[in-house]
Amino acid sequence: MVSVPLDRTITVHPRVSIRPEPFGALLYHFGTRQLSFLKDRRLLETVRACDGTRTLRAALAEAGVPDTQTERYGRAVMTLIASSMLVQQADDTKEKAA
Amino acid sequence: MTLLTQNHDASITAPPATRPRTSSTLIGHFERGLDAPICLTWELTYACNLSCSHCLSSSGRRDPRELSTEECKGIIDELQRMQVFYVNIGGGEPTVRSDFWELVDYATDHQVGVKFSTNGVKITPEVAARLAASDYVDVQISLDGATAEVNDFVRGPGSYELAMRAMQNMADAGFSGFKISVVCTRQNISQLDEFKAIADRFGAQLRLTRLRPSGRGADVWDELHPLPEQQRELYDWLVAHGEGVLTGDSFFHLSAFGEALPGLNLCGAGRVVCLIDPIGDVYACPFAIHDEFLAGSIRSEGGFSHVWRESELFQRLREPTGGGACGSCSFYDSCRGGCMAAKFFTGLPLDGPDPECVRGFGEQLLAERATDAVPKSTGDHSHRTSPPRPRGSTGPVPLTLSVRRPDAAPVNACAENPLAGFSPPQCHRPPGAPAEPTTRRNQAPITSRAERAYTPHYTHISEPHG
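Line order of the protein sequences matches chains F and R.
The first sequence begins at 1 in the numbering used here and counts up one residue at a time.
The second sequence begins at 1 in the numbering used here and counts up one residue at a time.
Everything labelled a hint here was simulated from the structure, so no lab data went into it.
Please note that a few of the clues may not be correct.
[As the list claims (entries may be wrong)] In silico SDA-like links for lysine to any residue, alpha-carbon gap of 25 Å or less: (1) R/K73 to F/G31; (2) R/K73 to R/S134; (3) R/K73 to F/R57; (4) R/K73 to F/R15.
Chain R with its partners taken away, still in its complex shape (with noise of 0.2 Å):
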């Protein structure tokens, strides 16, 4: 056995993959949790100034039981007793809380390192030269198409120019190594040598991660997912460049393919990572914003430590598994049965098949399953217009995507007229955007299941980092 495991990403995907699992002790802690996260995601804030149609936490609107400055700093200091090393932190936009560089403060200076993830909204040349100065905070700017056709199909006009803007400040500052973060689907998988030049010509580094079926994520996964084949070519393609290219331990579910990829290969959910969300609920994992995922609030008494040790839900996570449907399966030492929160979300059981099983699987039982078993996320922060309307009622609809008025108050039912949430354009849009102010995509490719409008707004995802 070797002594030690080394990992650039200070993620919890560090120890080399190839090595059997049977014969480290140190996925066997891992598995059994630890007293501490290694690390975790802390997602601040549910407003956002965009509206991507896949964000995991259906972010759009703030909550109005958000966590206070105070109650942040609190969970900051509980982080920093628990020797928990670094956060990464997302949201929701995280960059429109008005305290939030006082809180990146904060955190650094109480030995909790930070990433935090952005649409690049604030990365003006000044901030961008304030975070190249400061070794203890890392940034991760959201990109999810190579092309501005293709990032602003999901995360909405306008979209792609911020993102590039906020890279080119982030360069121009000096800031090398940052992140550029792509959740890989069917439309740019296409595109991943093309974001590897991105990220080269910024000399940034590139983090691919897996879409999710959480959030609003579930009303389009189903067009937005890599088929079969495209995960066969991201497979490959993750291979071939090794370590180089962060993935947050994503794919570990492609493993299956042939040789591990690099990563723990484990579903650190409730055992090495977790969730705390803006009002302070303490979640499973990122990806698993439900009920049914919840182990407690750090507004209850013992904090954010005591549901770490004690929930119920993450004591049964760190109980060992057999595998269920998958245990006799060859492949089970790769890929584990895959990610929880993808086979929750799309109504499958959750000791089988990850949907997106490599060995088919998963489509067979998609295939099977009856429609109305899907569980959908506890809260939906989404931006909206007009009155919210059922959601997966019906067949698909287009999307609406459009840039969003940040001045502007979500349209109240009861104040619907002609001018309702217009204003000058001047001092709304997004540099870049389009002078109309809500731009309708006629025959939009996406469709969603949900008959639900999208308007103004993000994601991110979040986690391990490097």
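With the rest of the complex left out, here is chain F (with noise of 0.2 Å):
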């Protein structure tokens, strides 16, 4: 298993467009047809937070996931980012090859 990427930067793929719900929400990527369902608001607010502008640690606390929830939100943002609905930062790709 792969570490949470803590401190990378995280965004939402430009072609996803993101449906509040009761529930969470839906997420859909409109380059790979694929859609996913958010089942918790504050993964909700977690992708929200995924804005560009600040590490995943940040981004976590800024939805408000304790400290003790860390490890399960950031794996829901590691699923996330293999089916490209969040992408981390290029220049922390860059970075990460270097």
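Bring the two chains, given one by one in their own frames, into a single complex with the hints.
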């Protein structure tokens, strides 16, 4: 299992739309035509906080995710990165390669 | 509880089905209905170049009340406001609308993704190249037999060649992952591996859906729907192939065989999906074109969102149900009583078992039901070359499957003469079709309860996609 990239800047893919719902949200990626259901409002807040201005750690804090839940929410973010709903910012990737 | 559920099918069919539904608040939300559908089916026209014997919308002739281009754009604007991310466009054969590509472009320019279902008639190499260049459009080509013999049996002569050519054009244009959509029938269940091989050959994805007794499907359902042992074969095949094969959540009634199939295992009608028909009527689902399931019209004040949110029918469908006669069955949590439309159009009570209940309760009820109690779909747009005759009045008659004459107007009773409807074959034949304009199949193995001649034409099955 890859560790959660807490210190990377994460952003929502430009082709992804978010539709808030009482249970959380629907995410739809127009490029991959994939649909995801966020089943938690706090995860939605986390995704919204991933606006490219802060690290994932800061985004989790912004969304009010308690430290004890970091791993759990971090894993959900990883899943969203794997499906291209969220992306790590380009600079980060270069940094990683270097 | 997991925090999210991902779905490569981009349909409503995502969440891991193994999770007990009682613990899933997500399913609960879906059952109570959302403020906007997750996706919807929109049939753009009843016009079609084919005349498939099982067409669930009884398509063939264009309805003169068909929505105008401007009305369609109005719907797209509304879907954008409601954040309905994608629509499954069907018909009829949607591509025969002269404004079809204009509407597709308009939708994708307004954050409404499109997947459309087609028999392939307009998928030329040029069109395929254009489609391959767009990320926002997905294509689903209908094929109901892995061989021409089996396919053309229900879809009409020449339809296999038509579909195969369209698929070849798509593959040649580099459009990978388009869908091949198969309605599972008694005649093609034994071909599942062959369908998969065809999909693999074209770099496409296979999608299997259930035959519904809707539209003209009601007339042939008895002869076409898979036999009980074939249901088991289908179920085992689906389990073996997992999420690699799409189903649009079609087969949740089979989940009672054992392990639940991938999908929501939920009837989404009026809760998370619905149908907009070619004249703007909104129905609970694509398989339920009947006044009983008509929620309203987009032409009425308040438009689509008003119908979706306020219609009495949809409110009722979102109320909790106890499961009726099925409530005490130990498999109720898996199959949820099956498909509402399948029950309705076979004359079974909606709160009882599905006609294809894997425990056989449906068959039992079918045997006991009064046959005159079977409702018919509202509105029949089937092609005809003679005045329509009463449906369902006599015993089985052979179907007439024939090649369409695209430029010939339906023959009016007053216009009957030896050359009525005839014009030179070179401008009528779909490529690859027999030269004879009308091919009567002697001893055609499909028979119809309805005494009606099937002439010129198609269907599609709409809904969730990938």
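Status of each hint after checking the structure:
About 22 Å separates the Cα atoms of R/K73 and F/G31, which keeps this hinted pair within 25 Å; it holds. A C-alpha spacing of about 20 Å is found between R/K73 and R/S134, which places the hinted pair at or below 25 Å, so the restraint holds. Simply put, R/K73 and F/R57 have alpha-carbon atoms about 43 Å apart, too far for the 25 Å limit, and the pair is violated. For the given pair, R/K73 sits about 22 Å from F/R15 by alpha-carbon distance, which is consistent with the 25 Å threshold.
Taken one by one, the earlier hints fail for this structure only at number 3.
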